[in-house]
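Asker: So the chains spell out like this:
There are 2 protein chains.
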Amino acid sequence: MGAADRPRPCCPVTPLRVRVDALTPTILLGVREARHLQVLRLTPGDSLRVFDGQGSEAEATLTELTEVGAVLTLGAGVQATAETPQPVTLAIALLKGDKLSDVTRAATELGVARIQLLITRHADAREIGTQKLLRLRRVAEEASKQSRRAVTPEILEPMPLAEFAWSGTLFLAHPGSRATLAEHLNWQAPVTVLTGPEGGFSDPEVSQLQQRGAVLVTLGPRILRAETAPIALLGAIVATGV
Amino acid sequence: MGAADRPRPCCPVTPLRVRVDALTPTILLGVREARHLQVLRLTPGDSLRVFDGQGSEAEATLTELTEVGAVLTLGAGVQATAETPQPVTLAIALLKGDKLSDVTRAATELGVARIQLLITRHADAREIGTQKLLRLRRVAEEASKQSRRAVTPEILEPMPLAEFAWSGTLFLAHPGSRATLAEHLNWQAPVTVLTGPEGGFSDPEVSQLQQRGAVLVTLGPRILRAETAPIALLGAIVATGV
Numbered sequence: 021m022g023a024a025d026r027p028r029p030c031c032p033v034t035p036l037r038v039r040v041d042a043l044t045p046t047i048l049l050g051v052r053e054a055r056h057l058q059v060l061r062l063t064p065g066d067s068l069r070v071f072d073g074q075g076s077e078a079e080a081t082l083t084e085l086t087e088v089g090a091v092l093t094l095g096a097g098v099q100a101t102a103e104t105p106q107p108v109t110l111a112i113a114l115l116k117g118d119k120l121s122d123v124t125r126a127a128t129e130l131g132v133a134r135i136q137l138l139i140t141r142h143a144d145a146r147e148i149g150t151q152k153l154l155r156l157r158r159v160a161e162e163a164s165k166q167s168r169r170a171v172t173p174e175i176l177e178p179m180p181l182a183e184f185a186w187s188g189t190l191f192l193a194h195p196g197s198r199a200t201l202a203e204h205l206n207w208q209a210p211v212t213v214l215t216g217p218e219g220g221f222s223d224p225e226v227s228q229l230q231q232r233g234a235v236l237v238t239l240g241p242r243i244l245r246a247e248t249a250p251i252a253l254l255g256a257i258v259a260t261g262v
Numbered sequence: 021m022g023a024a025d026r027p028r029p030c031c032p033v034t035p036l037r038v039r040v041d042a043l044t045p046t047i048l049l050g051v052r053e054a055r056h057l058q059v060l061r062l063t064p065g066d067s068l069r070v071f072d073g074q075g076s077e078a079e080a081t082l083t084e085l086t087e088v089g090a091v092l093t094l095g096a097g098v099q100a101t102a103e104t105p106q107p108v109t110l111a112i113a114l115l116k117g118d119k120l121s122d123v124t125r126a127a128t129e130l131g132v133a134r135i136q137l138l139i140t141r142h143a144d145a146r147e148i149g150t151q152k153l154l155r156l157r158r159v160a161e162e163a164s165k166q167s168r169r170a171v172t173p174e175i176l177e178p179m180p181l182a183e184f185a186w187s188g189t190l191f192l193a194h195p196g197s198r199a200t201l202a203e204h205l206n207w208q209a210p211v212t213v214l215t216g217p218e219g220g221f222s223d224p225e226v227s228q229l230q231q232r233g234a235v236l237v238t239l240g241p242r243i244l245r246a247e248t249a250p251i252a253l254l255g256a257i258v259a260t261g262v
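In order, the protein sequences belong to chains A and B.
Going by our numbering, the letters in the first sequence line up with residues 21 to 262, in that order.
Going by our numbering, the letters in the second sequence line up with residues 21 to 262, in that order.
Heads up, some of the hints might be wrong.
Put simply, identical chains are the same to the list, so a pair is met inside one copy or across any two.
[Stated by the list, open to error] Simulated pairs of lysine to any residue, SDA-like, Cα-Cα distance not exceeding 20 Å: (1) K165 / R245; (2) K119 / E162; (3) K152 / T189; (4) K116 / A199; (5) K119 / S76; (6) K119 / R245; (7) K165 / R134; (8) K165 / R198; (9) K165 / P195; (10) K116 / D144; (11) K152 / L48; (12) K119 / I148; (13) K165 / P241; (14) K165 / I243; (15) K116 / Q166; (16) K165 / G219.
Think of the hints as simulated: they come from the structure by calculation, not from any bench.
For reference, chain A alone in the conformation it holds in the complex (with noise of 0.2 Å):
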């Protein structure tokens, strides 16, 4: 057995990264944390990443770790390299459930930089509980790490779908259109992609999006579930490369 057929493991082959508040030289991570550089037993002068969440990330050293917490010592900045050439938003109807939930873990590691939630007329929800939304934002941290990305989506509160604003391109996948995605992308400018809740948009909704400029393209004849349509458009985008 060669050294190329050794199995790999899921997630070694790259250092540790630990999501931080800022990347001051001398970093201090609280007792849970700890506890994590603890269990994958670490100790002083292993090197990890650090990363802020908005799109820095560095090298660092373990320097100081005990029960209660631990200090690192910044060292150089990273290139990263995760992100799109233009912030992706995903705009999505309230959905039931948890479905939210996989939608957000599955948007975060196709490299959305933003999930704006939508009040639509048939949406499955009204609004969103605070636990429900801190939830999301759990989800969204834990998949920017997984997916070892620097950036972790912001998760915004929800929003009438008429006072919602974009700039740059916003995809609307619309049964029946003959427009693809593929056509109308560019990263001249932001991407939006919107996505509607389980019985759809409205013919209003529809009409008036079209007004401000939406692009309607196609997901083929099928009917797709409100959680399955986001993960195949963003994917659309994430197979041309970016």
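Given the structure of chain A, go ahead and fit chain B onto it with the hints provided.
Answerer: The following block gives chain B in isolation, referenced to the frame of chain A:
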């Protein structure tokens, strides 16, 4: 409020679709389907659609409905338009827990004709239980109904990757590849999308697939979970409008 602004519930736009064994002139349904029709308050004379899961679909009329069964009379055949120009196969390594159910559901919505389970070097499991395989088949059948497809994808028992033969183009999502799916996608022949387990494919597996003609394509610079990659790739296919 105009007619166009009335709330649109999820599904009643198209007639009820019932999966049947074959499109014979007279179709007998068992107790379970009969109950379902009763719950939906159908009565003799009502129209519905029947499909055989093999691509054939037709109109039908409910002619008898009792507690224990129902009789349908076949009507005109219907063009089933929800299928891709050539069959798409998802070939996927065995995954842990319920991940394969989630992938099966989304892949069915996204139009696959077949899901081939694979045993790979770092696959999260070496086999799949009968109950779990049957469950995947039920998930596929349910999802094909919900997405208004006339074809239920086949779910094929696991085979070793080395024995898996494909015709047409096989796309393998591979970190670091520069080729895109779109530039190699054509519908002159069947399409296969191959995705790995959480630990990825081994280097020898990738080399062997390349030697056998697999096209390595990008999904961007981020690390995707094993259950996100297939949906992203299939999303890229359906976003071309097929």
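Asker: Against each hint, give a clear statement of whether it holds in the structure.
Answerer: Here is what the structure says about each hint:
1. K165 / R245: between (27 Å within a copy, 12 Å between copies)
2. K119 / E162: both (17 Å within a copy, 18 Å between copies)
3. K152 / T189: Classified as neither; 29 Å inside a copy, 43 Å across copies.
4. K116 / A199: Classified as neither: same-chain Cα gap 29 Å, cross-chain 37 Å, threshold 20 Å.
5. K119 / S76: neither (30 Å within a copy, 33 Å between copies)
6. K119 / R245: Both: 10 Å inside a copy, 17 Å across copies.
7. K165 / R134: within (16 Å within a copy, 33 Å between copies)
8. K165 / R198: Answer is neither; intra-copy 37 Å and inter-copy 24 Å both fail.
9. K165 / P195: Result: close only across copies, 17 Å inter versus 34 Å intra.
10. K116 / D144: within (6 Å within a copy, 30 Å between copies)
11. K152 / L48: Answer is neither; intra-copy 29 Å and inter-copy 47 Å both fail.
12. K119 / I148: The answer is within: 13 Å in one copy meets 20 Å, while 27 Å across copies does not.
13. K165 / P241: So K165 and P241 pass the 20 Å test across copies only (14 Å; inside, 35 Å).
14. K165 / I243: between (32 Å within a copy, 10 Å between copies)
15. K116 / Q166: between (25 Å within a copy, 17 Å between copies)
16. K165 / G219: Close across copies (17 Å), not inside one copy (33 Å); limit 20 Å.
Against the hints set out earlier in the document, violations occur for numbers 3, 4, 5, 8, 11.
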